[in-house]
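Here is what each chain is made of, one letter per residue.
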Amino acid sequence: MTIADIRDHLEATVLCCEENLGREVHTACGSDMMSDVLAFVKDQSVLVTGLCNPQTVRTAEMMDIICICFVRGKEPDETVIKLAEERDIVIMATQKRMFEACGILYENGLRGGASH
Amino acid sequence: MSTLKFHYKVDKTDFTRAGEASSDVKGKLKKMGCDPEVVRKVAIAMYEGEINMVIHADGGVIDVEISPEDITLVLKDKGPGIADIDKAMQEGYSTASENVRSLGFGAGMGLPNMKKYSDEMKIETELGVGTTVTMVIHNT
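Chains as they are written, first to last, in our numbering: chain A, 96 to 211; chain B, 6 to 145.
If a hint is listed, it holds; no wrong ones were tucked in.
Stretch-level coverage of chain A by chain B, calculated; a stretch enters the list once three of its residues show a Cβ under 8 Å from a Cβ in chain B:
no. : region
1   : 124-130
2   : 140-151
3   : 154-163
The hints are simulated quantities; they were obtained by calculation from the structure and are not laboratory data.
As the structure is a computational prediction, the values presented were derived from the model and not from experiment.
All C-beta atoms in this analysis are idealised placements derived from N, C-alpha and C, irrespective of residue type, glycine included.
Pulled out of the complex, with its shape left as it was, chain A reads as follows:
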């Protein structure tokens, strides 16, 4: 699916890097702990998270993640959005909770991918 499909499935609002909505993604991970993302994620391109601070973007950057979806109605501040813009990472926000968001994406074909 594309990043635009994720937006549609999750009824999310895109907050930056709209020009990347056409990019294809195949795998995702869901976590509020950045330590776990750094430890257990490999080659996933989407991060679904309720943790809303600049380190979410930094972690995504280190892991080559290209799209962050904030769940539970979390709205990142300008610092977070600016960081993501500089790194070409799409940010979107949905009202859905973590379990539901991950379930919907899985149902629509996104998978967990490899861990290491």
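Once you have looked at the hints, place chain B on chain A.
Coordinates of chain B only, in the frame set by chain A:
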């Protein structure tokens, strides 16, 4: 390619800026055309180290040396030191505060992760004096 050296100061107070040094190194390695897997290993290992410096040790300095053979990261802090390295190396063991956990870190994966992503790692630590972590990642 000759050997390149970079020096970074990691600020203790600003959690927002933690990771800037790792981000800079990642960008440099990418530009140099390093293997993406090497870039990723360096980025994660250094970022974990940088976060550790901010949450445990009031900041510190990082020296990065990039040669055609290896990338060497030396992270030096004047923090409290590590009381029990064996315990600190166990996945899930953490001395981080609740505050740090609420920021998304402190799951006890920092040092194990740094070891996992580096080809060689050495920790020198003294209680009340500080810690130096040296990591080498082969530039294949």
